[in-house]
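Build the complex from these two chains, which are given one at a time in their own frames, with help from the hints.
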Amino acid sequence: MKLRLNKTVAVVASSALLLLAVPAVGIASATNAAAAKPKPTYIIGYEGPLSGGNLQLGLNMVFSVELAINQANATGKLPFKLKLAKYDDQGDPTISPTQAQSAVANKKLIAIVGPAFSGATAAAEPYYSAANVATVSPSATRVTLATSNWKNFFRVVADDGVQGPADADYMVKTKSFKTIYDVNDGSAYGSGLSSAFATEATTDGATVTTATVPGTAQCSDGTASATQYTAAATQAVASKASAMFYGGYYCDLGLFLGALSSAGWTGTIMSGDGSDSSALITGTTPASAANGVLLSCACAVSTNKAFNKGFQNLANFSAVGATYAPEAYDATNTIIAAMKAVKKITRSAIVAELHKITYKGITKTIKFQADGNIAGSAIYVNQVKSGVVSQLGLE
Amino acid sequence: MGAFGHYLAAHLDTLKLEFWALFVGGVANGLLYGMIAVGYTLVYGVLRLINFAHSEIFMSGGFAGYFVMRYFVGAGAPPAGMSSVGLIILGVLVGGVVGAIVATILERVAYRPLRKRNAPKLAYLISAIGASYFLFNLAGKEFGHLAYATPQPYINHPVFHIFGAPVQMYFVIIFLVGLVMFTTLDRVISKTRLGRGIRAVAQDAETASLMGVNIDRTIAITFIVGGTLGGAAGFLFGLGYGVVYTMGFVPALKAFTAAVLGGIGNLRGAMIGGLILGIFESLSVVFVQAAYIDVVAFGILVTVLLVRPTGILGERLGRAA
Numbered sequence: 000m001k002l003r004l005n006k007t008v009a010v011v012a013s014s015a016l017l018l019l020a021v022p023a024v025g026i027a028s029a030t031n032a033a034a035a036k037p038k039p040t041y042i043i044g045y046e047g048p049l050s051g052g053n054l055q056l057g058l059n060m061v062f063s064v065e066l067a068i069n070q071a072n073a074t075g076k077l078p079f080k081l082k083l084a085k086y087d088d089q090g091d092p093t094i095s096p097t098q099a100q101s102a103v104a105n106k107k108l109i110a111i112v113g114p115a116f117s118g119a120t121a122a123a124e125p126y127y128s129a130a131n132v133a134t135v136s137p138s139a140t141r142v143t144l145a146t147s148n149w150k151n152f153f154r155v156v157a158d159d160g161v162q163g164p165a166d167a168d169y170m171v172k173t174k175s176f177k178t179i180y181d182v183n184d185g186s187a188y189g190s191g192l193s194s195a196f197a198t199e200a201t202t203d204g205a206t207v208t209t210a211t212v213p214g215t216a217q218c219s220d221g222t223a224s225a226t227q228y229t230a231a232a233t234q235a236v237a238s239k240a241s242a243m244f245y246g247g248y249y250c251d252l253g254l255f256l257g258a259l260s261s262a263g264w265t266g267t268i269m270s271g272d273g274s275d276s277s278a279l280i281t282g283t284t285p286a287s288a289a290n291g292v293l294l295s296c297a298c299a300v301s302t303n304k305a306f307n308k309g310f311q312n313l314a315n316f317s318a319v320g321a322t323y324a325p326e327a328y329d330a331t332n333t334i335i336a337a338m339k340a341v342k343k344i345t346r347s348a349i350v351a352e353l354h355k356i357t358y359k360g361i362t363k364t365i366k367f368q369a370d371g372n373i374a375g376s377a378i379y380v381n382q383v384k385s386g387v388v389s390q391l392g393l394e
Numbered sequence: 000m001g002a003f004g005h006y007l008a009a010h011l012d013t014l015k016l017e018f019w020a021l022f023v024g025g026v027a028n029g030l031l032y033g034m035i036a037v038g039y040t041l042v043y044g045v046l047r048l049i050n051f052a053h054s055e056i057f058m059s060g061g062f063a064g065y066f067v068m069r070y071f072v073g074a075g076a077p078p079a080g081m082s083s084v085g086l087i088i089l090g091v092l093v094g095g096v097v098g099a100i101v102a103t104i105l106e107r108v109a110y111r112p113l114r115k116r117n118a119p120k121l122a123y124l125i126s127a128i129g130a131s132y133f134l135f136n137l138a139g140k141e142f143g144h145l146a147y148a149t150p151q152p153y154i155n156h157p158v159f160h161i162f163g164a165p166v167q168m169y170f171v172i173i174f175l176v177g178l179v180m181f182t183t184l185d186r187v188i189s190k191t192r193l194g195r196g197i198r199a200v201a202q203d204a205e206t207a208s209l210m211g212v213n214i215d216r217t218i219a220i221t222f223i224v225g226g227t228l229g230g231a232a233g234f235l236f237g238l239g240y241g242v243v244y245t246m247g248f249v250p251a252l253k254a255f256t257a258a259v260l261g262g263i264g265n266l267r268g269a270m271i272g273g274l275i276l277g278i279f280e281s282l283s284v285v286f287v288q289a290a291y292i293d294v295v296a297f298g299i300l301v302t303v304l305l306v307r308p309t310g311i312l313g314e315r316l317g318r319a320a
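Quick mapping for you: the protein sequence lines, in order, are chains A and B.
The first sequence runs 0 to 394 under numbering that gives the first Met the number 0.
The second sequence runs 0 to 320 under numbering that gives the first Met the number 0.
If we strip away everything but chain B, and leave its shape as in the complex, we get (with noise of 0.2 angstroms):
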């Protein structure tokens, strides 16, 4: 056996011992990513535009989170019970609430006028980019430069145990949060007239407002929706790791890797390109140092496009999702 033989033998028992608290801790980021990622896969459906600015819907959301929080929790000890559960889903919804506002806001004074003359797809992502630099140093401006810890609606304790590897409250949070949120926006756009809606501008702008779709009205739902699970994603995110006005930059990239890896424009393909990226980047800690998690992410992604350049499912919001 060479020296690679061992070092794969070694590792490969570290591994063993730790797969399962890496699984965890990787499903719970993949999540994240993933409700992020539907906002750029979303809006790349209808538009056919990265939305540079996704990452401050996200910032928006989180501090939105933190304010809420702050308010209800403060300093005190954190609450149990049914008050938890009730802080949490009041989190949740005000993220996403703040994260739709900032989203229509957007779409609004950063798109549509773009829209309306007909700009080239070039100047979008000057407009996008802009703006993502207005929001994050106004929030700089507005609430500081320094990182805040956001006041804990919940003991973070472990709920359960699989094969052995604790599972803690902020993950079973992720968990419940990410599977209702998924399941209804699945639902949403494979069975509703409004899915029906978004689809048909996915596929073919032009037509569907001929068929009768209203195009503007689509377009800034989906904005809405996106900027919805952007903005809960914000707070769960801020729950973990906290706010600061700097915090949405890496997870969106993070998210739009998943985006693009799942294959951009595919909704389900956001969420398995999501918990892809979060699991092996957790697993890989096991067999290189943290500073290289970014390497395997994007290396991934590189293998991923080499042979299926869509992505993992293809590129295709238009047909049923």
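In isolation and in its complexed conformation, chain A is listed as follows (with noise of 0.2 angstroms):
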């Protein structure tokens, strides 16, 4: 008993000193390259929901920034060794302050991605503003982030403003349509998307024709009857319009769908990113009424293989499918290539420097307007295709 239990720790010890031979060699022959000066550590940060109810949204994008900064750390190369810190505001506005705050006080932290949602980017920029702490938003859509001077603050995703003009501009320029049949939902959401695709393709020459079809009660969000959806359909083909633009979500979309194929409608439909999603087709009756519908994202679907094996290595899911996770990689990407790029790593250097940047990621090259926001269209175009939804690519 007593020689076995000596043997257990005899093994333990060899192995532990193995362990402790690995790293001496690698310091070593560091030391040897870079005149016996230990490389500097730095730190990136993620802010987003890392717990409750919106978790799913921020593995999406937690994975990705580990990812990112494992690769870059990987290569070699760098002058500097990067590391994460997670600050989880749950994506709660009431929350955020305290996470910034705790972000900003770490002083090896030179740049955050995220934070996550709207509301938490609003409550938390104030304090990484003036601690000059750069921010880059995968998914922060609201518009007046970028329009409340805040220097550090970027974004890699299109704001809320630009998606209806960007589909009006698809569907009237680049799809020709000439009459248009616009239906909105009545949500907030809905109407303002379906007026800003209005207005847009009016001014692009288009005559449109507006309606209002509420939510109905079987689709959580409105008190209609789903019934409504046959005379809806039928004004809809009566109007004789070739396209039709929906403001609103999937799941009355679908129930919409089904009528109009029955009503013997044949135009092309597209929505935006209330839509956007595989729901669309199991809620359409039949499923078949789906296809051909087109459906815009400021989200990217990522079709870059190696992100996608490395993300589901890390992840243990697929990146298909995971929204802002291939956003949340460019912004990590475009921070790191910031950091290669000024002479002296600090924070304020990092926000001059991504005023400045062009980074060509994954979604789409990076670069930022002055404001803040990304330069360029920054919205896809997916369309389901055998009850599939498949990215066409920008619009």
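Just so you know, not all the hints are guaranteed correct.
As the list claims (entries may be wrong) - Residues of chain B clear of chain A, computed beta-carbon distances all greater than 10 angstroms:
#, residue
1, Thr103
2, Asn117
3, Phe133
4, Ala204
5, Gly277
What the hints assert, rightly or not - Beta-carbon label-pair distances, calculated as ranges:
#, chain 1, residue 1, chain 2, residue 2, range
6, A, Ala187, B, Val287, 34 to 40 angstroms
7, A, Ser50, B, Thr103, 18 to 24 angstroms
8, A, Ser277, B, Ile88, 31 to 37 angstroms
9, A, Val319, B, Phe162, 58 to 64 angstroms
10, B, Leu178, A, Val142, 17 to 23 angstroms
11, A, Thr97, B, Thr13, 54 to 60 angstroms
12, B, Met81, A, Leu391, 38 to 44 angstroms
13, A, Thr202, B, Ala79, 46 to 52 angstroms
14, B, Leu137, A, Thr202, 50 to 56 angstroms
In short, the hints are calculated from the structure, not lab data.
Even for Gly, the Cβ is constructed at its ideal location relative to N, Cα and C.
If you want it as structure tokens, here you go:
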């Protein structure tokens, strides 16, 4: 018994020695190369929901941030070492200020990926701004975030005001539709999107007829009855429009699509990110009525095989369908690129560099406008093909 | 001609163009409302209470039909010909039977114990609302909170045209099923011994029991009949609009409106009320946005009740329906 114990101790001790030896070798070679100066460590923070009801969205992003940092460290070419610090705000504006203060207090922290939610961003930004910490959000889309004079605020997604006009340009200029039936579901989101679409489409020279078909009770957001879609579809067909835009959510659009196919509608239908979900197809009767529907979103679906593979290995779930994962990856890599570009890494140097940088990411080329918004078109258009939502490309 | 005159003239032109297409859709919706309304009216007739859990009978019929269609049709191409007919009859039967079972359970669990204890009418109301919440939340828990499209057991194409308006297969199915159910039910209530029993209980439960009518049995059968139509309507509704755990709420509210419109407690009134409501709702989209359909629906109800407080045909299941 005693003997066995000694044996165990010996095994443990020798493996511990082995473990120590490996980094020792690493340090030794680095010392030779960089003349006895150890690499400094910098921290990139992530602020977003890492618990609570919006956990999944936060996981999509934080795994991407971690992946980008791991890959950058693994190249061995960085003159510094990167570490990730996670700040869980649950997407909640009442929690995010404390998380921001704790991030700012960490002297090694250089920049933040996030905050993820618009409300949380608005609440946290005064603290980041005062400390000159650059924040690059993968997902906060509220328009006013860019107009609040925060020099450190950046985002790699298009804001809420961009989608409707971009969709209109796509339908009228790219697809050449001249008569469009523009339906909204009466919600704040749906009617806002629809009216932005109508204004731009009219400017582009199309004839737009608008209609409100309220959301139904069976789709949780409204009070109307699904039976209304029979009459609404008849109206749409009678309008003789060649295309339709729907401002609303997938569940009601699914009901409407079924009625439209019954009523003999043959035109092209487009909707926004509220409908951009595979649940649109499961909720459409018959499912084939959803085929051909165009769906726009500020979010990209990753087609980058290397990223998808790395993400799957790290996160244990697929990057395809992980909303805002590719954006978080691009946001992190843009920060890392900025750190490589500056002479001396300081918080304010990174903010200044991000205002100048052009970085080719996996979703698009990242270049920021003066207000921190992404430059160029950043709305993607997807299409339902044989019962699957697939990405067509940037609008 | 004033602004209103112009408005009217322009919209009447549109109405002329779209009348038949909207009418056909309205009749289909109206028949669905009517089928659900029958459940409210029959129960009201015998128990003098509104079965607010009827929406969940409708919902369970919808889900039953959905599962049957998913099993037999699945993701494959929709069948045609006789197999379509067979599947639709099967769906109606399963929807109806499940609706009847849920209605029976409701009667046993939520109503009978109260009736045995002579509870006040308010207790029935709360019991019904509680049962309704329980059932749709149970469905949400068991079947998920997403909306599901029912696999189509037929190809939905125009079967024939009325004055240029296409009549889809889906509407034809509703017309046929609705017609068969209404005629059968009307016959049963007015001509058979069972129907006489139901009418007797509706007229005066105490006297009916003295005359040898088994009240418990009659009430149970009333729930079964209403549940069958409600469940079958759930299946038909699910065919067109898919199923989701909250699907019952609004159609049932509309059907309740239809029942009151036609005269609650009156069988034919429920059918007529349903049709009127469906048709007027559908035609109203010519004049107002779809967003105002409900305003029109309840506007009609209020107007009718102001003129005829007991509904179009009056409240009279007790007399020969």
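message: Quick check on a hinted range of 31 to 37 angstroms for serine 277(A) and isoleucine 88(B), using CB atoms only.
response: holds (33 angstroms)
- prompt: Could one say that the CB atoms of methionine 81(B) and leucine 391(A) fall in the range 38 to 44 angstroms?
  reply: holds (42 angstroms)
Threonine 103(B) and chain A, when compared Cβ to Cβ, separated by more than 10 angstroms: Answer for threonine 103(B): holds, closest chain A Cβ roughly 25 angstroms.
Distance restraint hint 46 to 52 angstroms, applied to the beta-carbon atoms of threonine 202(A) and alanine 79(B): holds (48 angstroms)
- prompt: Taking the CB of serine 50(A) and the CB of threonine 103(B), does the distance hold inside 18 to 24 angstroms?
  reply: violated (45 angstroms)
task: Take a look at whether the Cβ-Cβ distance between alanine 187(A) and valine 287(B) falls inside 34 to 40 angstroms.
output: Given a distance of about 22 angstroms, which is not inside 34 to 40 angstroms, the answer is violated.
message: Looking only at beta-carbon atoms, does the pair leucine 178(B), valine 142(A) fall within the given range of 17 to 23 angstroms?
response: violated (55 angstroms)
message: At 10 angstroms, judged by beta carbons, does glycine 277(B) keep clear of chain A as stated?
response: violated (7 angstroms)
field: CB-CB spacing for phenylalanine 162(B) and valine 319(A) relative to the 58 to 64 angstroms hint
entry: violated (50 angstroms)
query: Would you say phenylalanine 133(B) is clear of chain A, with no C-beta pair closer than or equal to 10 angstroms?
result: holds (18 angstroms)
- request: Examine each Cβ of chain A, and state whether all of them lie more than 10 angstroms from the Cβ of alanine 204(B).
  value: holds (34 angstroms)
- prompt: For the pair threonine 97(A) and threonine 13(B), does the Cβ-Cβ distance stay inside 54 to 60 angstroms?
  reply: holds (59 angstroms)
In this structure, the earlier hints numbered 5, 6, 7, 9, 10 are contradicted, and the remaining ones agree with it.
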